[in-house]
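> One line per chain: the protein sequences are C and E, in this order.
Per this note's numbering: the first sequence = residues 1 to 137.
Per this note's numbering: the second sequence = residues 1 to 548.
Among the hints, a few may not be true.
In silico SDA-like pairs for lysine to any residue, Cα to Cα no more than 20 Å straight-line [what the hints assert, rightly or not]:
no., chain 1, residue 1, chain 2, residue 2
1, C, LYS31, E, PRO40
2, C, LYS57, E, ALA73
3, C, LYS31, E, ALA73
4, E, LYS39, C, GLU55
5, E, LYS283, E, ARG322
6, C, LYS31, E, LYS417
7, C, LYS31, C, ALA111
8, E, LYS417, E, ASP392
9, C, LYS57, E, PRO16
10, C, LYS57, E, LYS417
11, C, LYS57, E, ASP392
12, E, LYS39, C, ARG53
13, C, LYS57, E, GLU20
14, C, LYS31, E, GLU20
15, C, LYS57, E, ARG322
16, C, LYS31, E, ARG24
17, C, LYS31, E, ARG157
Note that these hints are calculated values from the structure, not bench results.
Below, each chain spelled out in residue letters.
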Amino acid sequence: MTEPATSDEVRAAAYRVRHDVGKAARFSAPKESEGDAERLRERLARDLLGARRAEGKTLSLPEVFDAVAAAEGELLARAGLGAPLDAVARGVERVRALLPRLPALDGNDLARLDEATRDVARAASELLRLARGGGSA
Amino acid sequence: MTRSRAGRVLVVDDQPRTAELLGRLAPDLSLVPAGSPPKPHAASWDEAEPVLSRPGRVDAVVLDLAFEIPDEALLPDRRPLGDDAAARRLRRERRDRQGLYVLERIRRIAPDLPVVLTTAHEEIPFEEEARKLRADGFTYAVGEEEDAGESLVALVRRVLSDREAPPATGRFYWGRSAAMRELRHRISALAPTPLPLLVTGPTGTGKGLLVREVIHPLSGRRGPLVVFDCATVPETLLPSALFGAVRGAYTGAVTDRPGVFEAAAGGTLFLDEVENLAPDAQKPLLTALNDGVVRRLGETAERPHQARVVAAANVDLAARSRDGGFRADLLMRLNPALALRLPPLAERREDLPGLAAQTAARTFRDPSTRRQIVSRVRAAGAPEPPDGAPFDLLLDEEALASCEAPVAFVLPRKGWKAILAHPWPGNVRQLEMVLGDLMAAAIYAGSGPRVDRRSRAVFALDPGLLFDLLAEADAGAPRERRLALPFPRASSVEEFRRELEREAMRALFREAEGDFARMAELMLGSRGAERAVRLRFNRLGLSARAER
Ligand SMILES: Nc1ncnc2c1ncn2[C@@H]1O[C@H](COP(=O)(O)OP(=O)(O)O)[C@@H](O)[C@H]1O
Ligand SMILES: [Mg+2]
Numbered sequence: 001m002t003e004p005a006t007s008d009e010v011r012a013a014a015y016r017v018r019h020d021v022g023k024a025a026r027f028s029a030p031k032e033s034e035g036d037a038e039r040l041r042e043r044l045a046r047d048l049l050g051a052r053r054a055e056g057k058t059l060s061l062p063e064v065f066d067a068v069a070a071a072e073g074e075l076l077a078r079a080g081l082g083a084p085l086d087a088v089a090r091g092v093e094r095v096r097a098l099l100p101r102l103p104a105l106d107g108n109d110l111a112r113l114d115e116a117t118r119d120v121a122r123a124a125s126e127l128l129r130l131a132r133g134g135g136s137a
Numbered sequence: 001m002t003r004s005r006a007g008r009v010l011v012v013d014d015q016p017r018t019a020e021l022l023g024r025l026a027p028d029l030s031l032v033p034a035g036s037p038p039k040p041h042a043a044s045w046d047e048a049e050p051v052l053s054r055p056g057r058v059d060a061v062v063l064d065l066a067f068e069i070p071d072e073a074l075l076p077d078r079r080p081l082g083d084d085a086a087a088r089r090l091r092r093e094r095r096d097r098q099g100l101y102v103l104e105r106i107r108r109i110a111p112d113l114p115v116v117l118t119t120a121h122e123e124i125p126f127e128e129e130a131r132k133l134r135a136d137g138f139t140y141a142v143g144e145e146e147d148a149g150e151s152l153v154a155l156v157r158r159v160l161s162d163r164e165a166p167p168a169t170g171r172f173y174w175g176r177s178a179a180m181r182e183l184r185h186r187i188s189a190l191a192p193t194p195l196p197l198l199v200t201g202p203t204g205t206g207k208g209l210l211v212r213e214v215i216h217p218l219s220g221r222r223g224p225l226v227v228f229d230c231a232t233v234p235e236t237l238l239p240s241a242l243f244g245a246v247r248g249a250y251t252g253a254v255t256d257r258p259g260v261f262e263a264a265a266g267g268t269l270f271l272d273e274v275e276n277l278a279p280d281a282q283k284p285l286l287t288a289l290n291d292g293v294v295r296r297l298g299e300t301a302e303r304p305h306q307a308r309v310v311a312a313a314n315v316d317l318a319a320r321s322r323d324g325g326f327r328a329d330l331l332m333r334l335n336p337a338l339a340l341r342l343p344p345l346a347e348r349r350e351d352l353p354g355l356a357a358q359t360a361a362r363t364f365r366d367p368s369t370r371r372q373i374v375s376r377v378r379a380a381g382a383p384e385p386p387d388g389a390p391f392d393l394l395l396d397e398e399a400l401a402s403c404e405a406p407v408a409f410v411l412p413r414k415g416w417k418a419i420l421a422h423p424w425p426g427n428v429r430q431l432e433m434v435l436g437d438l439m440a441a442a443i444y445a446g447s448g449p450r451v452d453r454r455s456r457a458v459f460a461l462d463p464g465l466l467f468d469l470l471a472e473a474d475a476g477a478p479r480e481r482r483l484a485l486p487f488p489r490a491s492s493v494e495e496f497r498r499e500l501e502r503e504a505m506r507a508l509f510r511e512a513e514g515d516f517a518r519m520a521e522l523m524l525g526s527r528g529a530e531r532a533v534r535l536r537f538n539r540l541g542l543s544a545r546a547e548r
């Protein structure tokens, strides 16, 4: 029943992962990481707890990822991009594990959470790069 | 900087985060509120439109690409889409590229408003649209993953500071098209470096002028600008002209002579139309660029040179190098990745009014033209314009109402429309010639100005002549017939060109037995351009009576 996806569709799906997840994960990250733990906590809260705020709803980064993966995962997997999508998922899982305790995280854990957002962003960019490379669709 | 306002920015994004980011990182910018109740961003085109359609409210737009908004707010038609698979797919697609639809609407009401897309160009998943955006949007690569926020702020500031940049550098007019603004930034970064540069673009787009007026002056180099036209130096003389020769190196080399490389020491060597460089000259040029040395013909020792090389090409050098006409290694040395591409005029029509004003201003500054204008104003019984009073070129009759100048040249609206629609194969050079000829006709021929109720002298520009000139400008196709010309004498390339044209006109005049309509037919395939041909003939200093 499923029609084969066009390369435009594959790219658009990868773009959605990059835009909604990868970019959102570090949306307001500064060039140099905040030295100050409270400012870092504040930024992570802003970007990760409110990764999508539109139409009156607020979704966290893992929730946005779940929605995007549910909608696009299969298409990306069929296009041979399952592995790079999994790399994004692994980063998101690290975020998911730490995020509920955000208000209480110590400096080390905050840095680990920040690092996880970096990995999410990188993996999402890589996914888009591969999707643009074409051929797989 | 003591500006009363740092800049008014409209954020168009379905989410509040971009506006919040700007508010945090750039509190001096004012975010223009949109929607009702008002908020610091417009979540859809419907919220952006009322703000943008009131002129002058916004200095820049920051625009997202993807919008998760309901069907009723989605461009292009705000139609409820339903819920079957096809509808879902269509909704997805419209949401994904909503920013591009919005940009297209923005361009309809504000063609030159700076728009920063919060998406890197490389990220846009739709190749076709992305290419179009580059042509007429104002897209910047944002989204270095580590510092999206800060680079966005830097881009917005850069765009806003463009508002204050003077419209021209020397005689080179920039205009406001996105392509030229982008070029301007790249040039201000590249000109002061010692890197060899390549300037590309079709003929008449201003490559030569750019090098003269902008690149060399901004290079900070004290030495001279030496222009070397690779198209006009005979192949056999190329090596010695470029690199110099010692006495006796070839017949006629009676003294030691430096080449242009040495002449441009400490300055800029401009190699114009570099695609015409014969293969024999390409190799030593490559050596000169690679090793920084040149060798005069007939000499064994190499000399270091201190010239910065800027080359211009009318053609696609990459294609030339693929089919063997241009050395690939030489092309690489010219940094093709940094090539400064001047867009064809047809790709930046929003600059036509500015270029027209620029051309007119130059005509009015010319002392003898000015004297002639003043004498015709006097003859028409209008008050003599004071020295230095501004003259104006108006692009439709209605502009006269708000014109303050004592002397105005008025082009009927249909004339301006024709200019806007013209393909301009000869680009800015051709625009200048057409406007120059049109104004010259009103100044030197024609019935002189009329004096209006406010005692202003108004010269009407002749739309019929304009159409002839545009038709002439269109006729570029080579013809099989040959024209035999006496070899022109000249001491510069410019003069050579002018002499060549004079000789050609003379020959055509003889061929047509002094009949200008016939001349037009010979030249352009139609008798319609008779007046334009006659005018050109006269402007070249030729006289029909003397030639007959
Ligand atoms: N940006 C510009 N501003 C002002 N005049 C221009 C501009 N571009 C081109 N011109 C006019 O067009 C003429 C042709 O430009 P030129 O630099 O010789 O073009 P090219 O070298 O690309 O063939 C110039 O003499 C100049 O009068
Ligand atoms: Mg030129």
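> Each hint: holds or not?
Here is how each hint holds up against the structure:
no., hint, result
1, LYS31(C) / PRO40(E), "violated (25 Å)"
2, LYS57(C) / ALA73(E), "holds (17 Å)"
3, LYS31(C) / ALA73(E), "violated (35 Å)"
4, LYS39(E) / GLU55(C), "holds (14 Å)"
5, LYS283(E) / ARG322(E), "holds (17 Å)"
6, LYS31(C) / LYS417(E), "violated (49 Å)"
7, LYS31(C) / ALA111(C), "holds (15 Å)"
8, LYS417(E) / ASP392(E), "holds (19 Å)"
9, LYS57(C) / PRO16(E), "holds (12 Å)"
10, LYS57(C) / LYS417(E), "violated (50 Å)"
11, LYS57(C) / ASP392(E), "violated (57 Å)"
12, LYS39(E) / ARG53(C), "holds (14 Å)"
13, LYS57(C) / GLU20(E), "holds (17 Å)"
14, LYS31(C) / GLU20(E), "holds (17 Å)"
15, LYS57(C) / ARG322(E), "violated (56 Å)"
16, LYS31(C) / ARG24(E), "holds (15 Å)"
17, LYS31(C) / ARG157(E), "holds (17 Å)"
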